[in-house]
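Colleague: Sequence:
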Amino acid sequence: MEKILNYINGEFIQPQNNEWINNIDPSLGKVYSLIPDSNSEDVEKAVQAAESAFESWSNTPIQKRSQILNKIASLIDENRAELAKAESVDNGKPWSLANKVDIPRASSNISFFASAIIHESAESHQMTNVAINYTLRKPIGVVGCISPWNLPLYLFTWKIAPALAAGNTVIAKPSEITPMTAFLFAKICKEAGLPDGVLNIIHGYGAKVGAAITKHPKIKAISFTGGTTTGKEIAKVAAPMFKKMSLELGGKNPNIVFADCDFNKAVSTSVLSSFSNQGQICLCGSRIFIERKIYDAFKEAFLDKVKKLTIQDPLLENTNIGALVSEDHMNKVMSYIELAKEEGGTILHGGERVI
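Residues 2 to 356 in this note's numbering are what the sequence shown lists, from first letter to last.
These aren't lab readings, by the way, just hints derived from the structure by calculation. Possibly wrong hints are sitting among the right ones.
[Stated by the list, open to error] Listed next, the in silico PhoX-like pairs over lysine-lysine satisfying Cα-Cα at most 20 Å (straight line):
| id | residue 1 | residue 2 |
| --- | --- | --- |
| 1 | 266 | 139 |
| 2 | 216 | 191 |
| 3 | 266 | 300 |
| 4 | 31 | 101 |
| 5 | 308 | 294 |
| 6 | 86 | 101 |
| 7 | 253 | 233 |
| 8 | 191 | 209 |
| 9 | 245 | 65 |
| 10 | 191 | 46 |
| 11 | 253 | 139 |
| 12 | 216 | 245 |
| 13 | 46 | 237 |
| 14 | 86 | 216 |
| 15 | 237 | 219 |
| 16 | 209 | 253 |
| 17 | 266 | 306 |
| 18 | 46 | 31 |
| 19 | 309 | 333 |
| 20 | 46 | 219 |
| 21 | 31 | 4 |
| 22 | 245 | 219 |
| 23 | 65 | 139 |
| 24 | 294 | 309 |
| 25 | 245 | 266 |
| 26 | 4 | 188 |
| 27 | 191 | 72 |
| 28 | 219 | 72 |
| 29 | 188 | 209 |
| 30 | 139 | 31 |
[As the list claims (entries may be wrong)] Here are the simulated distance ranges between beta carbons:
| id | residue 1 | residue 2 | range |
| --- | --- | --- | --- |
| 31 | 350 | 234 | 17 to 27 Å |
| 32 | 280 | 259 | 17 to 27 Å |
| 33 | 313 | 336 | 36 to 46 Å |
| 34 | 316 | 191 | 24 to 34 Å |
| 35 | 336 | 125 | 16 to 26 Å |
| 36 | 287 | 32 | 41 to 51 Å |
| 37 | 135 | 312 | 53 to 63 Å |
| 38 | 314 | 15 | 49 to 59 Å |
| 39 | 259 | 287 | 14 to 24 Å |
We put the CB at the ideal spot given by N, CA and C, even for glycine.
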């Protein structure tokens, strides 16, 4: 069985404790690979590598950093099919979605910041007849990036790219539920010539790896996307240490549809925004408010489109909805359906597990 490995100082290595976590294909419910159950020892080794690499990387000319990042983006494009399949198997999302959205966006994340550092590295503002003020952007050191499971490579690169572009070195932790594309991304970075130690990827549980990253005194900033409860814990630890923080936490988004809308577009967009990625996106519309005048017509049209969505093997090209990311998450979703029934809600379509 394949073993996903940590990526530290340019090498693919097993966790220090040689302990592993099952990685499950959610569409089949079967273990298909193993990932490191890393701990603070692995994080410490990664921090040492990142610290050693920082001086050289931060002083690498901007044009050279941009060139390496653009090479990474190019290799993502070249390996798009492999990455899309890996994302689909690991996450349960439709292959077509990963191939059309997730992987291309991962590439564009990298190329965007590769360009940004060339064009937006400094600013100057003139004070009339007094002085000129300069704003010079400088890297701060080792940065911790902790990404979620819903858009694995998409959001992994969205955090890593600006940090690397600015000249920081990175300790990154992908979700233990969806680690595969981060592992493949490390191989791409190695092939692209990213210097050893500039990017280090540690796999494992948030309570071990994420906590060790958050509290490490030599990690100067934390970027986290995930649950609000976890975000609070990160803030409690990081704030007294005056670490820079970027926290993107849970969302609860309504769609509001007025009677003067483009009706067909509003229906199609509402279906897309509700069910894309099995509804596992913080931006997904989880409630729909409809002006009374068009309520019945909208509900009928919405349900008609929902009933036509295809739920099947995520790897099939015409799949609209794949598998929820894990059994735990599926049970959570099912519990909310039961809660809706208990509170007097009516299930208009579905509401049962699809096997």
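Colleague: So, for every hint listed, does it hold in this structure?
Modeller: Tested hints:
1. 266 - 139: 45 Å, violated
2. 216 - 191: 28 Å, violated
3. 266 - 300: 14 Å, holds
4. 31 - 101: Violated: residue 31 and residue 101 sit about 26 Å apart, past 20 Å.
5. 308 - 294: 24 Å, violated
6. 86 - 101: The hint holds at about 12 Å.
7. 253 - 233: 17 Å, holds
8. 191 - 209: Violated: residue 191 and residue 209 sit about 26 Å apart, past 20 Å.
9. 245 - 65: 26 Å, violated
10. 191 - 46: Roughly 18 Å separates the two Cα atoms, so the pair holds.
11. 253 - 139: With a Cα-Cα distance of about 36 Å, the restraint between residue 253 and residue 139 is violated, given a limit of 20 Å.
12. 216 - 245: At roughly 12 Å apart (the allowed maximum being 20 Å), residue 245 and residue 216 satisfy the hint.
13. 46 - 237: Violated: residue 46 and residue 237 sit about 24 Å apart, past 20 Å.
14. 86 - 216: 35 Å, violated
15. 237 - 219: 17 Å, holds
16. 209 - 253: 28 Å, violated
17. 266 - 306: 12 Å, holds
18. 46 - 31: At roughly 32 Å apart (the allowed maximum being 20 Å), residue 31 and residue 46 break the hint.
19. 309 - 333: Violated: residue 309 and residue 333 sit about 25 Å apart, past 20 Å.
20. 46 - 219: 12 Å, holds
21. 31 - 4: 15 Å, holds
22. 245 - 219: At roughly 12 Å apart (the allowed maximum being 20 Å), residue 219 and residue 245 satisfy the hint.
23. 65 - 139: 16 Å, holds
24. 294 - 309: Violated, because 25 Å separates the two Cα atoms, which is more than 20 Å.
25. 245 - 266: 41 Å, violated
26. 4 - 188: Distance of about 14 Å is within 20 Å: holds.
27. 191 - 72: Holds, because 11 Å separates the two Cα atoms, which is no more than 20 Å.
28. 219 - 72: Not OK: residue 219 and residue 72 at ~29 Å, beyond 20 Å, violated.
29. 188 - 209: The given pair, whose Cα atoms are some 24 Å apart, is violated under the 20 Å limit.
30. 139 - 31: 46 Å, violated
31. 350 - 234: 17 to 27 Å: 38 Å, violated
32. 280 - 259: 17 to 27 Å: Holds - the Cβ-Cβ distance for residue 280 and residue 259, about 23 Å, lies within 17 to 27 Å.
33. 313 - 336: 36 to 46 Å: 24 Å, violated
34. 316 - 191: 24 to 34 Å: Distance hint for residue 316, residue 191 holds at roughly 27 Å.
35. 336 - 125: 16 to 26 Å: 56 Å, violated
36. 287 - 32: 41 to 51 Å: The hint (41 to 51 Å, Cβ to Cβ) is violated, given that residue 287 and residue 32 are roughly 31 Å apart.
37. 135 - 312: 53 to 63 Å: 56 Å, holds
38. 314 - 15: 49 to 59 Å: About 32 Å separates the Cβ atoms of residue 314 and residue 15, which means 49 to 59 Å is violated.
39. 259 - 287: 14 to 24 Å: The hint (14 to 24 Å, Cβ to Cβ) holds, given that residue 259 and residue 287 are roughly 19 Å apart.
Violated hints, in rising order: 1, 2, 4, 5, 8, 9, 11, 13, 14, 16, 18, 19, 24, 25, 28, 29, 30, 31, 33, 35, 36, 38; the structure is consistent with all others.
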